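Protein chains: 2
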Amino acid sequence: MAALIYPDYPPTLTSEQSDYIVSNIKDWSILSGLAVRPSSSFVSEKIDPSRSLAVTAPVTLFPSLFPRECFEEARAIQTAYNELYACIANDEEWLGEVVKELAEVDDFISNLWNVHQAVKKEGYVQDLSLGIFRSDYMVHKDPSNQEAKPEIKQVEFNTIASSFGGLSAKVSALHKHLLSISAYPPTIPPLISDSSLPPNPSIASLSRGIATAHKAYGRPKTSSQLPLCTLFIVQDLENNAFDQHALATNLLTDHSVLTFRLPFSTVLAHTSIPSDSPSQPLIYTPPHSPSTPYEVTTLYFRAGYSPAEYTSPNSWNARLHLERSAAIKCPSILTHLAGSKKIQQILATPSSPHLSRFLSSTASAAYIDRIQVTFAAIFPLDDTAEGKHAIEIATDPERIRGYVLKPQREGGGNNIYGLKIPPFIKSLGDDSKKYRGHILMELIEPPALRNGVFRNGEVTMGEVIGELGVYGVCLWRHGRDEKGEREILENWEAGHLLRTKGRESEEGGVAAGFGAVDSVCLIDV
Amino acid sequence: MAALIYPDYPPTLTSEQSDYIVSNIKDWSILSGLAVRPSSSFVSEKIDPSRSLAVTAPVTLFPSLFPRECFEEARAIQTAYNELYACIANDEEWLGEVVKELAEVDDFISNLWNVHQAVKKEGYVQDLSLGIFRSDYMVHKDPSNQEAKPEIKQVEFNTIASSFGGLSAKVSALHKHLLSISAYPPTIPPLISDSSLPPNPSIASLSRGIATAHKAYGRPKTSSQLPLCTLFIVQDLENNAFDQHALATNLLTDHSVLTFRLPFSTVLAHTSIPSDSPSQPLIYTPPHSPSTPYEVTTLYFRAGYSPAEYTSPNSWNARLHLERSAAIKCPSILTHLAGSKKIQQILATPSSPHLSRFLSSTASAAYIDRIQVTFAAIFPLDDTAEGKHAIEIATDPERIRGYVLKPQREGGGNNIYGLKIPPFIKSLGDDSKKYRGHILMELIEPPALRNGVFRNGEVTMGEVIGELGVYGVCLWRHGRDEKGEREILENWEAGHLLRTKGRESEEGGVAAGFGAVDSVCLIDV
Chain A
5 MAALIYPDYP PTLTSEQSDY IVSNIKDWSI LSGLAVRPSS SFVSEKIDPS RSLAVTAPVT
65 LFPSLFPREC FEEARAIQTA YNELYACIAN DEEWLGEVVK ELAEVDDFIS NLWNVHQAVK
125 KEGYVQDLSL GIFRSDYMVH KDPSNQEAKP EIKQVEFNTI ASSFGGLSAK VSALHKHLLS
185 ISAYPPTIPP LISDSSLPPN PSIASLSRGI ATAHKAYGRP KTSSQLPLCT LFIVQDLENN
245 AFDQHALATN LLTDHSVLTF RLPFSTVLAH TSIPSDSPSQ PLIYTPPHSP STPYEVTTLY
305 FRAGYSPAEY TSPNSWNARL HLERSAAIKC PSILTHLAGS KKIQQILATP SSPHLSRFLS
365 STASAAYIDR IQVTFAAIFP LDDTAEGKHA IEIATDPERI RGYVLKPQRE GGGNNIYGLK
425 IPPFIKSLGD DSKKYRGHIL MELIEPPALR NGVFRNGEVT MGEVIGELGV YGVCLWRHGR
485 DEKGEREILE NWEAGHLLRT KGRESEEGGV AAGFGAVDSV CLIDV
Chain B
5 MAALIYPDYP PTLTSEQSDY IVSNIKDWSI LSGLAVRPSS SFVSEKIDPS RSLAVTAPVT
65 LFPSLFPREC FEEARAIQTA YNELYACIAN DEEWLGEVVK ELAEVDDFIS NLWNVHQAVK
125 KEGYVQDLSL GIFRSDYMVH KDPSNQEAKP EIKQVEFNTI ASSFGGLSAK VSALHKHLLS
185 ISAYPPTIPP LISDSSLPPN PSIASLSRGI ATAHKAYGRP KTSSQLPLCT LFIVQDLENN
245 AFDQHALATN LLTDHSVLTF RLPFSTVLAH TSIPSDSPSQ PLIYTPPHSP STPYEVTTLY
305 FRAGYSPAEY TSPNSWNARL HLERSAAIKC PSILTHLAGS KKIQQILATP SSPHLSRFLS
365 STASAAYIDR IQVTFAAIFP LDDTAEGKHA IEIATDPERI RGYVLKPQRE GGGNNIYGLK
425 IPPFIKSLGD DSKKYRGHIL MELIEPPALR NGVFRNGEVT MGEVIGELGV YGVCLWRHGR
485 DEKGEREILE NWEAGHLLRT KGRESEEGGV AAGFGAVDSV CLIDV
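Residue numbers (this note's numbering), protein chains in the order written: chain A, 5 to 529; chain B, 5 to 529.
Looking at chain A on its own, in the form it has when it is part of the complex (with noise of 0.2 Å):
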């Protein structure tokens, strides 16, 4: 962890102004729809069994010291990342392979491919494709050289159910709004101003996008010429609703696109697909008003994404009765499958040939080796040469301090870091198939940085640590002719997220428990 950059950043506060920023945080983030519904944890079950309460969303105090330079270096390079990743979900072959690789030790990778070897059997209905993508990232500087720049790493990219951007934009709102408020005390030198806290579009940006495959759907293509709608595919139980209710409400209201939520869970019961119409148009009968049938053009998964969602065989069958209807996915089968931990893995191999493969088409070498530089180098642990160089230095505690150990399986969490990996590849004995489960990453080393965290009405100040996510909106065609070529339609950056969480904590994000939504501040170093 490299030391503070501004160790005087944030101010100390009197008490009196802290009482002052976070009782201002509390009113004006209820008054703007930047909340979540409390957890049972805060607010039992018994207390508010209609869970009708809401609690502003845990957020930062002030927002984060985060370098200009790599703010707008990954901004700048998110249309890249989302024609590569366009490029990889379009790379039907390339996946097989990387599932046939995985599928011993990853049942819900193996799943998903089924899905899509399922329809593409029939014969996919739908050409066209929408992504809702994030970059993560940290910023990373060389604790073994003072001089040298701050950079990012991406940490992860996620394809499906890219969460917070309906929060993020009022974050970004609620900071620039206490600095409009006189409630930061002035700094030396200013660091909160005007100029220094970025416009964020997140909610609009992304809803755009949806509305964007919305009327890129067309025609209905029911006989009936029913109404056309989109539907959020979500959790039974969601705490983190408002941050969809934000772009569900924003795609009515600058749209005209009505939107429905759906739980995963009741897909098969209130979806259907015509039997009589060879372009299958995914039908939603609304609960509440079963006689206006709707016809779907666009499904946003906010679900699905997790292996604990599935818990039966019907989980399955809704993925793929889903997957082979008309309606545009956000992600598609394929899609998901492109944001695996394992694709992830294997750009970041460095000796990988993969991203010039994925990208040389259409941009330069220049431009490539931007993004290549973002990727924190990644290791397997196999028989391979890099393989074999991992597990060496996996179990020794000399050179381990710098790495952190993953599960390749999806929702895993358990990350192991440091001084306990060693030990840890000891206890899986002789067992290959163990290994292989795993890949080494080298550990990124962001900034210390101090800030506060309102959550469930507490402050706690301390070290912090940030994860900058760009938003990407992709839309493209598949080829799925013998060229393969993909078009792409569509392809914006799309604001941003600063997710912070408490150095301590080594796992996790908001949703987790751990974290906040910040934004950030930024600072030319």
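There could be a bad hint or two in this list.
No copy labels: a pair is met if it fits in one copy or bridges any two.
[Claimed, not checked] No more than 20 Å apart at the CA atoms, straight line, and that leaves these computed lysine to any residue pairs for SDA-like: (1) K124 to L230; (2) K153 to P11; (3) K392 to L447; (4) K50 to N460; (5) K50 to V129; (6) K180 to T257; (7) K153 to S319; (8) K104 to S186; (9) K410 to D12.
These aren't lab readings, by the way, just hints derived from the structure by calculation. In this text the structure is predicted, and so the values were computed from the model without any measurement.
Following the hints, put chain B in place on chain A, whose structure we already have.
Using the frame of chain A, we list chain B on its own:
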């Protein structure tokens, strides 16, 4: 209570339809700041000591039917009402007589008057006065005449702390939202439509009123040219704070006017008037920023209206201190006094000459009549001819059904209805002072309606009655010279409020825990 106009409205809901409406109300409301802090009976202080939780403000499921002509008439006469009350506030001599009469039954009114007298003695330094008024009506339909058209009858006229303008615009928008997502099942005839849901600009219009006063204040009067602000005088614990925040936020975003909130109980601790400044600017020193004092242009009272808030002599010192200052008061003491029940009673006494006296210089007799017919007749219980007649009625069970007995004292509550009046009068014995502490008012007979109220996560369906409030903004210059002519500078109608309560609940408004904020669905009857 008249029969239901449209007995099939609102339509009967299936449980799925009700669930859909309620779930959208729960989500849209929090997304849009249509919220309150939960009462301690819903969420105990132990669970949420920092008062961070919020819940949907009590709202109705449907917009309530309201006769279009009544709605338009209430709006059309609002500027005349604004002018009337500006005139009353300007007629110090007459107000003095009224107070004298009330002195023995109402300490609160006397104390307010004493504040005015004290400031008058040393000389007022601010001639501008801002009124944010709300005139409340019920629809009245003569139950003895089937052919009678519905008409509006005034319940009360508020000159201080007229609340819910920050929520009512949002409830209008909520019901429009539910219409736009087809959450309302169709009715025959179709009643809820874009044309039956009028716009409600209460938030923008009321905050524009405060901004107008802020601007009219002019340049700082402090020699150091302090930055200017407005000050909301609030109660210590306010569940309905988001109603107020909506105005403060609009002031900042639309008018660049900074607002601070100051509990009435801490006025003397945080404000001051420099002893060396004859113009007596009011200085507010924020506890979070003691080195940056502000000069207050406008005092917006959302506290200080109830006798219960004046807990010690210092409460009165605080009110005097504010009244002495150069800040424009919303309202001034005289305007506050103009809104006392006694004034309404005098105006509404059938033979009263005062309405004409105040308005005849600017309004036609026909226009004055339109105000006059909104009065429900109110009688004193004293030894005038009208008073004696009223006492006769009040003690006669045969004639008392259509009346309500109200205490003259402000903030009294405890209205007594119909047949309960004669035994109550009897219990007063022969004490004419106790008689004089009450007025007798014709009971308004509102049409019976049905609606559902969503409150604290629960829906209650049933018969309801609605009360329409029309907001008014008026900025005028008190005539303090010999001529005493007031000068009206700004005067507009400023949106509306429909409050709806269960028919069983004879007392109180939304804040008192009985009712809900509603919107109007206009019908032609």
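Going down the list of hints, with the structure as the test:
1. Taking the closest pair of Cα atoms, K124 and L230 never come within 20 Å of each other, the shortest separation being 27 Å inside a single copy and 72 Å across copies.
2. For a Cα distance limit of 20 Å, the shortest separation of K153 from P11 inside one copy, 18 Å, qualifies, whereas the shortest one across copies, 74 Å, does not.
3. When the C-alpha separation of K392 and L447 is checked against a cutoff of 20 Å, the pair qualifies only within one copy, where the shortest distance is 19 Å, while the shortest distance between copies is 91 Å.
4. Taking the shortest Cα distances, K50 and N460 sit within 20 Å of each other both inside one copy (18 Å) and across copies (13 Å).
5. For the identical chains of this complex, K50 and V129 are neighbours neither inside a copy (47 Å) nor across copies (56 Å), given an alpha-carbon limit of 20 Å.
6. For the homomeric pair K180 and T257, the shortest alpha-carbon distance between copies (12 Å) is at most 20 Å, but the shortest distance inside one copy (24 Å) is not.
7. In the homo-oligomer, the alpha carbons of K153 and S319 never lie at most 20 Å apart, since the shortest distance is 47 Å inside one protomer and 60 Å across protomers.
8. For the homomeric pair K104 and S186, neither the shortest alpha-carbon distance inside one copy (58 Å) nor that between copies (47 Å) is at most 20 Å.
9. Taking the closest pair of Cα atoms, K410 and D12 never come within 20 Å of each other, the shortest separation being 35 Å inside a single copy and 62 Å across copies.
Checked against the numbered hints given earlier, the structure breaks hints 1, 5, 7, 8, 9 and satisfies all the rest.
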